[in-house]
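Peer 1: Going line by line, the protein sequences match chains A and B. Going letter by letter, the first sequence gives residues 15 to 127 in the working numbering. Going letter by letter, the second sequence gives residues 3 to 236 in the working numbering.
It is possible that some hints are incorrect.
A few chain B residues facing chain A, derived, Cβ under 8 Å [said to hold, decoys possible]:
1) A112
2) K125
3) R173
4) K174
5) T195
6) M198
SDA-like cross-link-like pairs, simulated, lysine to any residue; straight-line CA separation at most 25 Å [what the hints assert, rightly or not]:
7) K125/B - Y28/A
8) K66/B - R80/B
9) K91/B - K125/B
10) K186/B - A103/A
11) K44/A - C144/B
Computed far set for chain B versus chain A, every beta-carbon distance over 10 Å [unchecked claim]:
12) P36
13) G38
14) W52
15) P71
16) D82
17) W158
18) F179
19) T210
Bear in mind the hints are in silico, worked out from the structure with no lab data behind them. Here the structure is a predicted model, which is why all the values come from computation and not from measurement. By construction, the Cβ of each residue, glycine as well, lies at the ideal position given by its N, Cα and C atoms.
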Amino acid sequence: MLPEISPSGFAPPYPTAGGRFQPGDAVRVKRGEAPGHIRTPWYLRGRTGRVERICGDFANPEELAYHRDGKPLRPLYRVRFSMAELWGADVERPDDTVDVEIFEHWLERADAA
Amino acid sequence: MPHDHDHDNHGHEHGHEHGHEHGHDHFHHEGMSPSGHPYRADNDAPLTHWQRMEIAVRELLVEKGITTPAEIAAQIERMDARSPALGAKIVARAWDDPDYKARLLADGSAACREEGVEVEALKLVVVENTATVHNIVVCTLCSCYPRNVLGLPPDWYKTRAYRSRTVKEPRKVLAEFGLELADKVQVRVHDSTADMRYLVLPARPEGTEGWSRARLADIITRDCMIGVAVPRLP
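Extracted from the complex, chain A is given alone in its bound form (with noise of 0.2 Å):
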C-alpha cells in the first residue's frame, strides 16, 4: 500500500545535483545485507514507498564510518512508507505513515500502483 503525497514544493535548502528520483515517485528499498555501518533499517528492506522530498546530496555515511571521504556525494532522500506496506494490514491505522531518510544506492524504481 503506497502514501498519499502531496509534495511538499519546497526546494532542497542543501545542494543536490540532481537525483534519479521525483516527489511522488514510488520506490522500493533494496533487500541487500551490505556488512558494516549502515543507515536503511532492517524494517524497510524490501518495502516500497514514495519520495517525499529530496534532501539534498550528502556523504555516503557507509564511507565515513570508516574515515574515507564518503565521495562521491549521494542525493538522499526522504521516503514515505505506510503502515500497511511496512507492518501489514493488521497495524492501528494503514494510513498513518513513517517517512525516513534513505540514500539513493538503496532505492529502485517501483512500478506506481
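Based on these hints, arrange chain B on the given structure of chain A.
Peer 2: Below, chain B alone, put in the same frame as chain A:
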C-alpha cells in the same frame, strides 16, 4: 565527557536510581537513604576501554597544544546551556508570524539562524501538526535528536522500547504519554536515519489569541516538539 555526536557508541548512563517499588512488605531498606532510595554506588570501577581512550586522546590534544582544558570546558558549557527554550522561541514566532512559519517549513536551519539560534551543522526539517496530521519523531538506529534547539534528549527517547514501538504502534505510544488522537488525525512518524534532524511545529491551541511570544513559549514544551504531546493551556 559529554558528546554531541549521534550515531556513536555513547549516550547510555547507568544509574541505580528508582530501581525499587514503594510499599512492598518484602522490601528491605538496607543500604537505603533515609528516604528509602538506594544510594548510588561510587564510580570506583575500573575505567572501560573507551573511557581510557577518551582520556588519552584528550590529554594528547592538550599536550600538543591543539586544544586546552578551558576550551573543552567552555564547549561542554555551551552544550549544556542548550534547552527546549530555544525550540519554544522558534515555534512561538512561527505561531505569531505566518511569513516566518513559511520560511521555517522551507528551511528550518536558516529560520533558526534568523531568530539567533546557533544551529551549527544541524540540518533541521520542521514538520507541522494540523487538524488532520500529527507528527512524532524517533531515531530507530540510535538517538538522533535536534540538540541545538532542544538540548540533550530525554532518557526515554534513547530506549529500545520507544525506538522500536514508535514506528510500529505510535498511537499506543502516544496514549501512554497521555495523548489520544481524534479519528480524523493521521499519524506521521519521522525516523531520523541520516543527515536531517526533526522538530515538530505543534498546532497553536485555541484560546491563545493575542498572547505575547513569551507567553506562548511557556506552553511549548520539549515533548510537544518531539511530538509526544500537544500544547495545553495552563
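Peer 1: Take the hints in turn and mark each one as holding or not.
Peer 2: Going down the list of hints, with the structure as the test:
no.: 1; hint: A112; verdict: holds (7 Å)
no.: 2; hint: K125; verdict: holds (7 Å)
no.: 3; hint: R173; verdict: holds (5 Å)
no.: 4; hint: K174; verdict: holds (7 Å)
no.: 5; hint: T195; verdict: holds (5 Å)
no.: 6; hint: M198; verdict: holds (6 Å)
no.: 7; hint: K125/B - Y28/A; verdict: holds (9 Å)
no.: 8; hint: K66/B - R80/B; verdict: holds (24 Å)
no.: 9; hint: K91/B - K125/B; verdict: holds (18 Å)
no.: 10; hint: K186/B - A103/A; verdict: holds (19 Å)
no.: 11; hint: K44/A - C144/B; verdict: holds (21 Å)
no.: 12; hint: P36; verdict: holds (46 Å)
no.: 13; hint: G38; verdict: holds (39 Å)
no.: 14; hint: W52; verdict: holds (16 Å)
no.: 15; hint: P71; verdict: holds (27 Å)
no.: 16; hint: D82; verdict: holds (27 Å)
no.: 17; hint: W158; verdict: holds (19 Å)
no.: 18; hint: F179; verdict: holds (15 Å)
no.: 19; hint: T210; verdict: holds (26 Å)
Violated hints for the displayed structure: none, as all numbered hints are satisfied.
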